[in-house]
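K.L.:
Residue strings, one per chain:
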Amino acid sequence: MLTFSLTNVLGGDPLLALMGEEDGRLAPEAEALLREELGLNDPLPIQYLNWLFDAIRGDLGTSIQSGQPVTEALLDRIPVTFQLGMTAWIFAIAFAIPLGMFAAISRNTWKDQAATALALAGVATPSFWMGLMLILVFAVWFRLLPPSGFVNLWDDPIDGAKHLVLPGITLGVNLIGTVARQTRSAMLEVLGQDYIRTARAKGLLERVVLTKHALRNAMLPVVTVLGLQFANLLGGTVIIEQVFAIPGVGRLALGAVFAQDFPVVQGAVLLAALATLAGNLWADIMYTIFDPRIRVS
Amino acid sequence: MDARNWKSTRVSRRSALRGAGIGLAGLSGAALIGCGDSDETSDGTAAATTGTGGAAPAPSVTTPDASARTRGGTLKVALGGDPTGLDPSTSRGGGDHHYLYSLFENLVNNGPDFSTQPGVATEWEVIDDLTIRFKIKEGLKFHDGSDLTAEDVQFTIDHHKNPETQSYSAGQVTSVDNVEIVDDSNVVFHLNAVTASLFAILGDRNGMILPKAATLAAGKDFTNKPVGSGPFKLDSWAVDANVQMVKNDAYAEDYPYLDAIDVQVVPNTSVQFANLRTGDADVITVDPKDRAAARTTDGIQLNEWVSTAYTQVNINTAVAPINDMRVRQALTYSLNRQAILDGIYFSEGELANGPMTKASWAYNENLAPIPEDLEKAKQFLDAAGYADGLAFELVIVADEDRTPLSEMMKAQWARIGVDCTIVARSAEEAGAEYRAQKYPMFLTFFSGRADPDMTIFENFHTKGGFNRAQFAENFTPSAEALELDAKIEAARQVYDQAERKVLYDDIQVQIAEQAFGILFTHRTNAVALSQRVEGFQPYGDGKYRFHELSLKA
Amino acid sequence: MSESTTLAQSAPALAFATKSKQRQLWNLAKRHRIGAAAFGGVILVCLIAATAPIISPYDPLEQDYDSLLQGPSLSHPFGTDRVGRDIFARVLYGTQISVLVGLVAVGISIVIGVPLGLLSGFVGGALDNVIMRFMDALIAFPRLILALAIVAVLSPGIVNVMIAVGIGSMPVYARLMRSQALAIRENQYVEAAHSLGVSNVRVMYRHVLPNAVSPIIVQATLGLGYAVLAEASLSFLGVGVQPPTATWGSILNQGAPLLEQAWWVAFFPGLAIFIFVLCLNLAGDALRDILDPRLRGR
Chain L
1 MLTFSLTNVL GGDPLLALMG EEDGRLAPEA EALLREELGL NDPLPIQYLN
51 WLFDAIRGDL GTSIQSGQPV TEALLDRIPV TFQLGMTAWI FAIAFAIPLG
101 MFAAISRNTW KDQAATALAL AGVATPSFWM GLMLILVFAV WFRLLPPSGF
151 VNLWDDPIDG AKHLVLPGIT LGVNLIGTVA RQTRSAMLEV LGQDYIRTAR
201 AKGLLERVVL TKHALRNAML PVVTVLGLQF ANLLGGTVII EQVFAIPGVG
251 RLALGAVFAQ DFPVVQGAVL LAALATLAGN LWADIMYTIF DPRIRVS
Chain P
1 MDARNWKSTR VSRRSALRGA GIGLAGLSGA ALIGCGDSDE TSDGTAAATT
51 GTGGAAPAPS VTTPDASART RGGTLKVALG GDPTGLDPST SRGGGDHHYL
101 YSLFENLVNN GPDFSTQPGV ATEWEVIDDL TIRFKIKEGL KFHDGSDLTA
151 EDVQFTIDHH KNPETQSYSA GQVTSVDNVE IVDDSNVVFH LNAVTASLFA
201 ILGDRNGMIL PKAATLAAGK DFTNKPVGSG PFKLDSWAVD ANVQMVKNDA
251 YAEDYPYLDA IDVQVVPNTS VQFANLRTGD ADVITVDPKD RAAARTTDGI
301 QLNEWVSTAY TQVNINTAVA PINDMRVRQA LTYSLNRQAI LDGIYFSEGE
351 LANGPMTKAS WAYNENLAPI PEDLEKAKQF LDAAGYADGL AFELVIVADE
401 DRTPLSEMMK AQWARIGVDC TIVARSAEEA GAEYRAQKYP MFLTFFSGRA
451 DPDMTIFENF HTKGGFNRAQ FAENFTPSAE ALELDAKIEA ARQVYDQAER
501 KVLYDDIQVQ IAEQAFGILF THRTNAVALS QRVEGFQPYG DGKYRFHELS
551 LKA
Chain F
1 MSESTTLAQS APALAFATKS KQRQLWNLAK RHRIGAAAFG GVILVCLIAA
51 TAPIISPYDP LEQDYDSLLQ GPSLSHPFGT DRVGRDIFAR VLYGTQISVL
101 VGLVAVGISI VIGVPLGLLS GFVGGALDNV IMRFMDALIA FPRLILALAI
151 VAVLSPGIVN VMIAVGIGSM PVYARLMRSQ ALAIRENQYV EAAHSLGVSN
201 VRVMYRHVLP NAVSPIIVQA TLGLGYAVLA EASLSFLGVG VQPPTATWGS
251 ILNQGAPLLE QAWWVAFFPG LAIFIFVLCL NLAGDALRDI LDPRLRGR
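Protein chains in written order, with the numbering used here: chain L, 1 to 297; chain P, 1 to 553; chain F, 1 to 298.
The set of hints was computed from the structure by calculation and includes no laboratory data. Be aware that one or more of the hints could be misleading.
[Claimed, not checked] Below, a list of computed lysine to aspartate or glutamate pairs in the DMTMM-like style, where the Cα atoms sit at most 20 Å apart: (1) LYS220/P <-> ASP235/P; (2) LYS410/P <-> ASP64/F; (3) LYS410/P <-> ASP66/F; (4) LYS552/P <-> ASP254/P; (5) LYS111/L <-> ASP289/F; (6) LYS225/P <-> ASP262/P; (7) LYS410/P <-> GLU62/F; (8) LYS212/P <-> ASP177/P; (9) LYS141/P <-> ASP249/P; (10) LYS135/P <-> GLU180/P; (11) LYS410/P <-> ASP59/F; (12) LYS225/P <-> ASP147/P; (13) LYS225/P <-> GLU72/L; (14) LYS225/P <-> ASP76/L; (15) LYS438/P <-> GLU393/P.
[What the hints assert, rightly or not] Stretch by stretch, here's where chain L covers chain F in the computed footprint (C-beta under 8 Å, at least three residues): (16) 261 to 273; (17) 278 to 286.
Even for Gly, the Cβ is constructed at its ideal location relative to N, Cα and C.
Model the full structure from these sequences, guided by the hints.
P.N.:
Printed below as a string of C-alpha cells:
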C-alpha cells in the first residue's frame, strides 16, 4: 500500500507536464522572462525532476503572483481548509449515521425510501446554490450567523465556530448522501448476521442490540468510505471557499488557476493528491485493523 | 486647474476655492444624493503649515473637526477583489487606489472636489509656464525609517519614465523633462510642454513618492512589499484573501485615527452587502443591483455621488475591423444604451454622451447621447463594405456585470448583421492577448481621473496608456486620430479652465462623431458605511481614502 | 424480492424481447416504485432536451428590453433575466446542453476507460501495471480540482468541460472493466475457447463485455448526475461554457448574485439540476438493486 502511494506521487503528475507546455499564452516578454526564471528552457524531464527534488525537500517554488514561497502560502491555508473540512465531516457523520440507521431499521418501507431520498437530495443540490441560499436565510434575513469570512478556532472558538456553521453544512450536505447509504447497507448486512439474532434471543433490549452490536460492527465500511470520500470533500472546498470568502487552499488554487500561477497550482494539486492519498491510506488502515474476520462474533 | 493662481507661495483656503472654480459649484449640487446621515461636505482641507523645527511634521492631509474624533479601532472593509499590485507604477487596477492613498503620500493631493491640496509639497511656485518649484516638507520619513528627500521625488518621476519599469502611467509624465534637485527640500520640475493637468497627475499614481533606495532594492517585489510614507503601512497581504494595514506611528502625533484597516476580499457582491448588514463590514461599495435595498436599509450610512467613471468597450484602432471608422460608427449607433443602463446597471447612472461625466467641469452638456439608430448603423456598415455581415471577437473578463453586458451587446449588434463572438479570459490573459493585438475590443472599465486630460489622454491619444493600438507593429494612426491627438495635446497646454472647457467640448464631439470610443453609461458611486464610521468624504474620483476615517466609540 | 439473477442473466432483462420479459419488467417496476418514477423522470428530461426547440415559447437568446428582470408571470412562467430573456426558454434549451455535456462526458469516460480496463485486465502484466498506475494517479486528485485544472489549461468552453469531466471520471470504468476481465479470464469456458483457437479479442467481445454492461449502466447513470453537477460548478467558478450559451449551470451563475432581487433566475435552473440529478441517483440505485440484489441487503 505504501509503495502504492509513492508510485502515485511519482507517476501521478501528467498535469504538471501539461501545464509547463501551456504558458505560451502569456505576453511574449513576460513569457521569455518566465521561462528563464522557472528554468523552463531545460528539457521537460529535467524540469520535472528538479521540481520533484525540490518538493521532497519542502521547497515548492515561489508564487508568480505574490512572490511568496508556495510552501508557506499552502501552510498558511491548510489549517483553514482543515477546520472547514472537519466541520463538514462532523456534520455529515452526525446526520448521516442516524439517517442510515433509521433507513436500515425501517427498511423497504416508505420511511426507508423517504430517508434514502433525503440523503440523495443532499447529493443532488448544487453546493454553491445551497450556500448562497443559506447565507440569504440565516445571515441576512435572520441575522443568526455571519455571512462569510473565517475566524480561526484557536483564536476565538465561539466566533470561529459561528463562521464555520454555514460553510460546513453546505460542504457536508453532499457527503451525507454517500455516508447515509453506506451506513444503511452496512447495517442491513450486519443485522442479518447470526450473532444479532443471538443477541435478540438473549433478550437484550433492541436499543442495546442496535448500538452496541450492530452499529459497532457496521462502522467499518462506513469509516472506510469516509476516508475515500475525502477527495470529493476537497473538491467541494474550492466552491465553498469562493462563496463564503474563506481564505483556504481551495481559494488559493482557484486564484492561481486564473492567474496562471503555475507553481501555486502545482503545489495545490500535489497537496490535494497527498490529502486524497491520506484518505485512502486511512481507509486501508481502518480495514486492516478492523477486519471483521479478526473479530470473532 | 488655474495654475497661474499658484504664484502665491502659500495655499490659502480662498485660493483653494478659486482654483476649484466650476468644479466645486457643480459638485456640491450633484453630490450626496441619497438618504442616511452622510457626512458634511468638505470644501478643502485646512491651510497647510510648514514644518516647524523640532515638532513632528503636520500631516499632509487632515479632515474637518480633527479634535473631536475618536482614536483607535480597526476598520473592516469588504471589497470584491485584491489590489492588482501595490506598486503605484506597475499596478494597474482602479481599485488599487483604495490602498495606495493610505500607504503612500502624494507630492500634492487632489481634494474631494479635484482642487489641488498640499501633500508632501507644502508650497509651490510656478516660475514660468515650464518651470515649477516645489518645497518639500521636512522631517518626513518612509515606513522603513529613511528620510523622504528631494532625491526621492526626482526618483519617483524618473522611475515612471524609465521604460524598464513598464509603468502604466508613464504616458502621464512625458511632458516632464526632468526634476532638478535644488537642495534636500526643494525640487524644480522642468517641463518640455505646458501641462495644465500636471497637478492633478501628481495627485495620482505618478505623484506617490517612492523611496529610491528601497524601491531599487526590492525590484519586482516592491509591488508585494511596498514602502511608502503614508499614514498606514502594509502589515500583511494574503493574496485573494485579505489585506491588513496598520497605523504608521511615526507619521504624525495624532493622525491617523484608526489603528488598523482590515480589508477582506469577498468575491460575491451579495455576500458583501450581507456583511454590511450584519455589521461584519464597516465599508462596502454598493453594487447597482443592491442600491435600491441599501436605500431602505436602516442603520447604515449610504453615500451616493456622481462618478468620473464611465462604462465602455475599449477598442483597438489598429485591429481590423475596428480600424475602419465606419465600422465603429455602425457599432455605436446600433447599441440600445437605455437597455444597458436598465438591465445591467439597474438604471443607476446616465447615458453617456462623452467620456466626461457630470462630476467634471469638462462635461459637455450640449452633446447628446448617441441615439439608437439601426438604419444609420446599417448605412455605415454598408459603406464600410460589410453589407453581408461582419464577424469579430470581443474579449471579456467574465463577471456578474460584464458577462450579461457582453451578451446584450452581442444581441444588439446582431440586429445589423454583426456576429460578435464573446471570448472569456482571465484578467491576465485578456490583458496580455489584447496588448498583443489579438482582439479588436476588450470589455474593461475605466474608473475616471481627477483631470479631464488624464482621462482623455489615457484613452484617446494614440500614446495613451489604455490605447493598445500603439503596440501594433507598423501602427500608423489615421489622419483623424492625429487630428484628435493634436487637439488633446493643445488642451493640456492651456491653463485657463474656461478655455480648456471649450477645447474639451470639441474633443468630445469628435470622439463621439468618429467613434473613437464606444461608450455606454456614466456611473454613480455608492458606498455604504456602518453607523460607527466617521469622517467620510466623497471624492470626485470615486476612490476611498480610508486613512481619513475614524470609528465612533 | 426479485428473482436472484446472476449478472449474465440480468442483461437480457433489459431487452424488450418477449412478452414475458415485458411482464417481468412491469413487475420490477412495481416493486421499485420510486426507482421507476425516477427513471421516468430521467426519460422526461431527455425528451425535453430533445424537443426543446419545439416546445419552447421563446428564443432563449431573444432579449426583450421591455421585460427586464420580471418575476414569474403568465407570459413568462419562470420570469426573465436581466437582459430580458425568458428563463423558461433558457432552462429548456439548457436542458439540451446540460444533458449533452453530461452524456458526452460520461461517453468519454466509457470510451477511454472501458477499453483500457479491458486491456489491462485481460492482458495483464506490465501493461496492466502501467495503466492501473495511471488510473490511480488520476483518482488521487479530487475530481473537481482535476477538472478545474484541465479546463483552465485548455481554456474554458463546452468541449473542454466535457473532456475535463470525462477524464476525471474515467478511472472508475477502467477499474470496473478490469475486474470484470480478470474474473472472466479465470473462467473455464474462456480457457476452453482459447484451446479451440478463439482469439483474445473475440473472447473479450463475446464474453466479457455483455456481463459488464449492467454495472457500467449503473455507473453511467450515477456518473451522468455527477457530470451535470460538475458542469454547473465549473460554470459557477467561471470556467464553464462561454456566453451566451445557456446551460443550467451558466443560468444559475448569472442568477446567483441576484438572489435577493430576482430569486427566480437562480431558483429554476437550480431546481432543474436538483430534479434531474436526484432522479438519476434514485434510478441508478434502483438499477443497482435490481441487477445485483446481494449488494443491497434484503
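K.L.:
Please go over all the hints and tell whether each is borne out by the structure.
P.N.:
Going down the list of hints, with the structure as the test:
1. This hinted pair checks out: LYS220/P and ASP235/P have alpha carbons roughly 19 Å apart, not beyond 20 Å.
2. Of the pairs offered as hints, the one joining LYS410/P and ASP64/F holds, with about 14 Å between alpha carbons and a cut-off of 20 Å not exceeded.
3. About 18 Å separates the Cα atoms of LYS410/P and ASP66/F, which keeps this hinted pair within 20 Å; it holds.
4. Between LYS552/P and ASP254/P, the direct Cα distance comes to roughly 16 Å. Compliance with the 20 Å bound is thereby established for this hinted pair.
5. Proposed proximity of LYS111/L and ASP289/F is supported: the alpha carbons are some 18 Å apart, at most 20 Å.
6. Of the supplied pair hints, the one linking LYS225/P and ASP262/P holds, its CA atoms being roughly 17 Å apart against a limit of 20 Å.
7. Note on LYS410/P and GLU62/F: the hinted pairing holds, with a Cα-Cα distance of about 11 Å set against a maximum of 20 Å.
8. Between LYS212/P and ASP177/P the alpha-carbon distance is near 19 Å, which keeps this suggested pair within the 20 Å criterion.
9. Distance restraint check for LYS141/P and ASP249/P: the Cα-Cα separation of roughly 11 Å lies within the 20 Å cut-off, and the hinted pair is therefore satisfied.
10. With a C-alpha separation of about 12 Å, the suggested pair LYS135/P and GLU180/P falls inside the 20 Å cut-off, and the hint holds.
11. The hinted pair formed by LYS410/P and ASP59/F meets the criterion: a straight-line CA distance of about 15 Å does not exceed 20 Å.
12. With a C-alpha separation of about 18 Å, the suggested pairing of LYS225/P with ASP147/P holds against the 20 Å cut-off.
13. A threshold of 20 Å between alpha carbons decides the hint, and for LYS225/P with GLU72/L the separation of about 16 Å falls inside it, so the pair holds.
14. Restraint check for LYS225/P and ASP76/L: satisfied, since their Cα atoms lie roughly 18 Å apart, inside the 20 Å limit.
15. For the suggested pair LYS438/P and GLU393/P, the alpha carbons sit about 9 Å apart, so the restraint of at most 20 Å is met.
16. Counting residues of the stretch 261 to 273 of chain F whose beta-carbon sits less than 8 Å from any beta-carbon of chain L gives 3, enough to reach three: the coverage restraint holds.
17. Evaluation of the coverage hint for the stretch 278 to 286 of chain F: fulfilled, as 4 residues show C-beta separations to chain L shorter than 8 Å, against a requirement of three.
When each numbered hint is compared with the structure, no violation occurs for any of them.
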